[in-house]
Amino acid sequence: KIELPFIHEFYSTLKDKISPDDYKHVQKVWKKFGCKNLGKYYDLYLKTDVLSLADVWTEFQKMFMEYYELDPSHYVSTSSLS
Numbered sequence: 006k007i008e009l010p011f012i013h014e015f016y017s018t019l020k021d022k023i024s025p026d027d028y029k030h031v032q033k034v035w036k037k038f039g040c041k042n043l044g045k046y047y048d049l050y051l052k053t054d055v056l057s058l059a060d061v062w063t064e065f066q067k068m069f070m071e072y073y074e075l076d077p078s079h080y081v082s083t084s085s086l087s
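Going left to right, the sequence shown walks through residues 6 to 87 as my numbering numbers them.
The set of hints was computed from the structure by calculation and includes no laboratory data.
These numbers come from a predicted model, not from an experiment.
Built from N, CA and C at the ideal position, the CB exists for glycine as well.
Treat the hints with care, since some could be wrong.
What the hints assert, rightly or not - Label-pair ranges, simulated between beta-carbon atoms:
(1) 52 - 77: 20 to 28 Å
(2) 60 - 34: 16 to 24 Å
(3) 41 - 12: 28 to 36 Å
(4) 84 - 63: 17 to 25 Å
(5) 12 - 76: 41 to 49 Å
(6) 80 - 57: 21 to 29 Å
(7) 54 - 22: 15 to 23 Å
(8) 7 - 27: 15 to 23 Å
(9) 85 - 21: 34 to 42 Å
Whenever a hint applies, use it, and build me the whole structure from the sequences.
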């Protein structure tokens with residue numbers, strides 16, 4: 006699809022439909038980042054999700070290195086760190 010889908014085409018597993026405010030946010034992001042289709046919007050969503058997770062992991066890793074002198078990247082799970 007080349008344009009942003011209409012509000013009624015969005016679905017939320019929490020509320021069944023998205024709110025008008027959520028849709029306004031989608032429109033703003035779509036325009037700001039020049040999304041040409043839903044695939045590009047989805048790629049942008051995934052990129053921001055992964056980058057946010059990477060930031061959290063980096064801070065977690067720094068904290069563990071500072072307090073415990075252990076790199077959590079070298080362990081399979083947090084329970085194996087103990």
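Hints breached by this structure
Per hint list: single violation, 3.
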